[in-house]
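Below are the chains, spelled out letter by letter.
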Amino acid sequence: MSPPSSVAHQKLKHHVHHECLRAFKTAIPLIISFIPFGMMLGAQAKIKDMSWLELVLMCGINFAGGSEFVAIGLWQQTPPLLLIVCMTLLVNCRHILMGVTMIPICRRQPVRKMLLSFFLLCDETWALSLQDSYRRMEEGYREPFSYPHYITIAVSFYITWIITALLGIIIGPMLGDLTQYGFDMAFPAVFIVLLRGMWNGWRRGIPWIGSLFVACAVHLLIPGQWYVIAGAITGLLIVLCLPPSFFEVDHA
Amino acid sequence: MHDSLINHHAFLTILCMGLVTYLTRISGYLLLRNKNYPRLIRVLEILPGCVMISLVAPIFVTGKLSDFIAAILTILTAMRFSFLVTLIVGIGSAGILRHFLPMVLH
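Residue numbers (our numbering), protein chains in the order written: chain S, 1 to 252; chain W, 1 to 106.
Derived from the structure by calculation, the hints contain no laboratory data. Among the hints, a few may not be true.
[What the hints assert, rightly or not] No farther apart than 30 Å at their CA atoms in a straight line, the calculated lysine-lysine pairs in the DSSO-like style are these: (1) S:113 x W:35; (2) S:48 x S:25; (3) S:48 x W:35; (4) S:46 x W:64.
[Stated by the list, open to error] Listed below are several chain S residues computed to face chain W (Cβ distance under 8 Å; list not exhaustive): (5) 104; (6) 123; (7) 127; (8) 188.
All C-beta atoms in this analysis are idealised placements derived from N, C-alpha and C, irrespective of residue type, glycine included.
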């Protein structure tokens with residue numbers, strides 16, 4: 001290798017290393033928020049008499065917490081395949097929306113690479129990547145999507161999820177209910193902080209408030225995870241019904 | 001089959017779950033990747049917030065006063081402080097309030 005390209009290689013390596021470290025630091029609060037959920041999942045799998053291999057495979061192949069809680073709720077010695085698959089589709093419908101919102105950010109990325117990385121897309125990875133890309137966009141980067149940043153976050157959540165689920169199936173029943181210590185507040189707390197970062201004035205907040213109210217109402221009235229879809233669609237309708245000029249933001 | 005770690009049917013169920021989930025992850029991106037509606041851009045700027053706020057909505061309506069107060073405290077903290085501080089206040093206040101305020105709203 002010629003010296004100049006080796007220097008460039010060194011620089012790239014340093015850049016990737018820096019991005020990974022930065023991503024890991026941002027991911028820490030969310031990694032903490034995964035622990036109670038993963039352990040709760042494992043503890044419930046234990047109650048349903050699932051084997052550790054089944055649990056690990058479910059976490060590793062599916063990797064979408066909400067649908068895994070539902071599947072374990074329906075689990076039997078011979079699991080009802082069609083019911084579980086349909087419920088998985090309903091619970092994970094929101095991923096379609098997440099994929100759509102990623103489009104403007106990863107426009108320059110090769111399609112095949114994105115299709116592979118979408119395997120690891122979950123609520124939290126999506127939220128952190130989006131936030132980071134918006135920030136990079138404002139700072140004037142040509143490419144808003146940072147691939148090493150995304151992958152570091154995604155892989156660290158993936159590993160955390162599997163390990164905490166395993167811990168749950170082994171020691172979960174001994175710990176009792178983690179929610180009594182408030183650990184389940186980690187998930188909303190993280191999202192509230194992310195929303196604060198995306199806040200862009202009251203006008204753009206109106207669809208959010210609409211989403212919040214409808215999601216609360218639907219959660220009270222209809223069992224299951226319909227509230228996510230109902231809230232998102234309400235926000236979508238509000239945006240479509242108001243004239244585009246209503247949402248203009250002064251970037252002064 | 002009881003002693004084995006996994007049976008064929010369970011494995012197939014898990015595999016199908018994974019497939020369906022992966023399809024939801026890529027379908028939005030695949031379908032709309034090359035489209036360019038001006039309205040879509042506007043929607044895409046605001047929709048992520050709508051999804052996120054819908055995901056956290058249940059915490060406001062658990063029916064427990066303690067959870068509601070903890071959620072409000074978390075929002076107030078988030079407005080001024082960092083990620084980790086908000087996380088600590090959120091978990092701490094929920095844990096403490098649930099212990100001392102086991103009051104049910106409805």
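Results of checking the hints against the structure:
no., hint, result
1, S:113 x W:35, "19 Å, holds"
2, S:48 x S:25, "36 Å, violated"
3, S:48 x W:35, "45 Å, violated"
4, S:46 x W:64, "28 Å, holds"
5, 104, "6 Å, holds"
6, 123, "6 Å, holds"
7, 127, "6 Å, holds"
8, 188, "4 Å, holds"
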